[in-house]
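Peer 1: The residues making up each chain are set out below.
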Amino acid sequence: MPEIGLKTHVSHLKSRFMNRIKQKLQEDKKILSIYFSAGYPNLNDTVQIIQDLEKSDVDLIEIGLPFSDPLADGPTIQASSTAALKNGMNTALLFEQLEDIRKTVSIPLILMGYFNPVLQYGVEEFCAKCEEIGIDGIILPDLPLDVYQEEYEAIFKKHGLINVFLITPQTSDERIKAIDSASDGFIYMVSSASTTGAKQGFGNEQSDYFERIAHMNLNNPQIVGFGISNADTFEQATQKAKGAIIGSAFIKHLTENGVDGIGDFVKQIR
Amino acid sequence: MKSYHADERGYYGEFGGAYIPEMLYPNCEELRQNYIQIMQEPSFKEEFQQLLKDYVGRPTPLYFAKRLSEKYNTKIYLKREDLCHTGAHKVNNTIGQILMAKKLGKNRIIAETGAGQHGVATATVCALMGIECVVYMGEIDIARQAPNVARMKMLGAEVRPATSGSKTLKDATNEAIRDWINNPVDTHYIIGSVVGPHPYPDMVARFQSVISEEIKNQLQEKEGRENPDYVVACVGGGSNAAGAFYHYLDTPEVGIIAVEAAGKGIDSGESAATSALGKIGIIHGSKTLLMQTQDGQITEPYSISAGLDYPGVGPMHAHLYASGRGEFISITDDDAMNAGLELCKLEGIIPAIESSHALAIFEDRKFNPDDVVVVNLSGRGDKDLQNYIDYFKL
Ligand SMILES: Cc1ncc(COP(=O)(O)O)c(C=O)c1O
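Same order as they appear, the protein sequences are chains V and A. Note that my numbering numbers the first sequence so that position 212 is 212, with each residue one more than the last. Note that my numbering numbers the second sequence so that position 103 is 103, with each residue one more than the last.
Misleading hints may appear alongside valid ones.
What the hints assert, rightly or not - Below, in silico cross-link-like pairs of lysine to aspartate or glutamate (DMTMM-like), each with a Cα-Cα straight-line distance of 25 Å or less: (1) K252(V) <-> D179(A); (2) K279(A) <-> D52(V); (3) K129(V) <-> D52(V).
Unchecked claim - Taking beta-carbon pairs under 10 Å as the criterion, some of the chain V residues facing chain A (in silico): (4) F67; (5) S106; (6) F165; (7) T195.
As the list claims (entries may be wrong) - Pair ranges (Cβ atoms, derived): (8) I155(V) <-> K102(A): 36 to 46 Å; (9) T251(A) <-> R102(V): 52 to 62 Å; (10) L385(A) <-> K157(V): 54 to 64 Å; (11) M18(V) <-> D267(A): 47 to 57 Å; (12) S268(A) <-> G122(V): 23 to 33 Å; (13) G201(V) <-> E139(A): 57 to 67 Å.
Worth flagging that the hints you see were computed from the coordinates, not collected in a lab. Beta carbons: idealized from backbone N, C-alpha and C, even for Gly.
Input sequences plus hints: build the corresponding full structure.
Peer 2: This is the structure we're talking about:
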């Protein structure tokens with residue numbers, strides 16, 4: 001059976017190479033990560049967007065699994081998520097689209113979504129599929145730390161997947177330390193108390209928060225997300241942190257331009 | 001002993017917990033660490049009980065429905081939550097939570113509402129306490145529940161339309177949660193049922209438990225025993241049912257009957273019978289039974305009764321169903337409407353359509369002549385008049 005061959009091949013690779021995210025984080029540069037909703041603007045744009053982002057020298061890509069009730073997201077990502085579902089996107093189809101993605105790109109890939117679709121797919125099956133395709137990490141904001149550790153950590157690790165946790169300006173130091181020790185890649189640092197895409201620019205409150213976290217000397221580097229939309233906010237966010245994530249602003253670009261001009265969009269950022 | 005109450009981490013069997021993004025963690029954690037202690041403080045208890053008595057009008061009567069009992073040849077008592085101020089049990093919870101919010105030092109309240117009953121009950125207690133109130137309501141519900149929208153406005157609340165997703169209750173709940181994420185310090189979220197992340201299901205159940213506490217005392221007086229043979233309640237999210245079942249959960253002699261909305265029929269594709277149609281998953285921060293696609297997308301339920309139109313069910317009820325402790329019955333629109341009209345004719349009480357679902361079980365579910373069956377009459381039908389008019393061409 002070719003399947004057995006593939007499995008041996010994958011585990012062989014795993015032992016030979018470090019997870020792509022970790023490898024990227026070791027580079028002496030600021031990380032630019034881009035988020036988009038799979039299946040948006042058109043159902044079959046997923047692969048094209050990933051390839052163009054890699055060509056544009058982006059460092060990391062977060063592929064959004066659309067969900068009917070994205071309660072941590074603002075209007076822009078809600079709309080792209082709803083449109084993607086209307087286009088017919090679902091977990092199984094996304095995996096199909098990504099089947100051969102590693103033949104064309106080597107950029108670290110993260111799947112980001114809500115827990116329920118993953119639970120319905122089957123956590124073990126989901127993780128196995130991710131490994132098979134060459135996904136490097138997962139972000140599920142509504143999978144809590146304690147449940148992850150008790151029920152799923154072993155499965156994620158078995159399949160070589162990095163699980164990324166969020167912290168916010170309201171997260172206590174004690175909890176940040178617990179999250180740091182449970183993390184094995186980077187920490188997703190939510191810039192302000194908000195849903196995605198809300199704030200315009202960063203103020204003193206953010207600088208204080210960025211400063212405070214930088215001083216904690218955490219084991220894992222931090223990548224800032226929420227409210228980063230242009231060169232200014234990217235620059236501000238990455239003064240202390242290792243990198244920053246752009247979501248809503250990129251989705252707006254896709255809404256206006258489709259998959260054209262992705263390189264130009266990235267060039268405006270850095 | 002096996003208990004059907006929440007454990008310390010907010011689980012009922014495998015259901016419950018707090019599946020929330022980190023942005024909500026500090027708020028839920030603050031509540032979790034404090035709610036039981038606050039509820040046990042003498043000053044809290046005193047004010048809560050005082051308001052339930054003088055403002056809500058408790059205890060609500062336990063009424064022996066003589067003609068209804070004769071018709072179905074069993075002893076039917078109605079717990080008259082319809083006589084509460086604002087017309088339904090919802091206010092028991094909002095009184096409790098507004099006092100909780102005050103103890104926690106919050107000065108802004110948000111809530112979600114479907115039909116507007118919980119929105120009105122929240123706007124009411126905010127007016128009572130002079131606290132700012134924002135109620136999220138699906139754009140579609142705003143259009144079809146105009147009188148309750150007007151009530152909330154008269155009571156000083158701001159009604160904000162939820163325009164995302166299907167523009168109904170589940171989306172209003174998403175919007176309220178998003179508001180809470182954006183206002184993590186000064187705001188308390190008064191959720192309207194035994195749903196959402198821990199500690200909400202347990203906290204709301206405790207506030208509603210006054211219903212079964214009163215039933216026990218009243219039944220002792222009327223029947224010489226605290227325990228009925230059955231307690232019956234309709235289940236949307238499940239708060240009136242949680243209150244009616246609460247003190248009987250761990251008393252196996254008392255049968256628990258939960259009634260869900262079958263809409264146009266379980267297999268019609270237009271239904272809200274979560275126990276029959278749902279699968280375990282995550283909705284609004286809780287692991288419970290919910291109606292969803294194979295891919296895990298949450299689907300839109302349907303019922304003629306806006307208060308039962310929720311795609312999930314509180315984790316307590318998911319556990320009552322999965323464990324077999326509760327008997328679950330689903331009732332169609334038609335059967336509920338007819339049962340509602342029957343109560344008008346036999347007892348002179350116009351029930352809320354939600355409550356009519358609980359009344360409708362007697363057609364098919366037979367009881368012994370000496371069984372004592374308590375039906376929680378969760379609300380009155382004033383809010384549903386237009387529905388009754390349209391349905392019966394009155
Ligand atoms: C009169 C009445 N009964 C029942 C319900 C359903 O809610 P729950 O299941 O939380 O009691 C509602 C909700 O609006 C209601 O207004």
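Peer 1: None of the hints should be skipped; say for each whether it holds.
Peer 2: Verification of the supplied hints:
no.: 1; hint: K252(V) <-> D179(A); verdict: 22 Å, holds
no.: 2; hint: K279(A) <-> D52(V); verdict: 39 Å, violated
no.: 3; hint: K129(V) <-> D52(V); verdict: 24 Å, holds
no.: 4; hint: F67; verdict: 7 Å, holds
no.: 5; hint: S106; verdict: 29 Å, violated
no.: 6; hint: F165; verdict: 7 Å, holds
no.: 7; hint: T195; verdict: 5 Å, holds
no.: 8; hint: I155(V) <-> K102(A): 36 to 46 Å; verdict: 44 Å, holds
no.: 9; hint: T251(A) <-> R102(V): 52 to 62 Å; verdict: 59 Å, holds
no.: 10; hint: L385(A) <-> K157(V): 54 to 64 Å; verdict: 59 Å, holds
no.: 11; hint: M18(V) <-> D267(A): 47 to 57 Å; verdict: 52 Å, holds
no.: 12; hint: S268(A) <-> G122(V): 23 to 33 Å; verdict: 29 Å, holds
no.: 13; hint: G201(V) <-> E139(A): 57 to 67 Å; verdict: 30 Å, violated
Of the numbered hints given earlier, the model fails hints 2, 5 and 13; all others are met.
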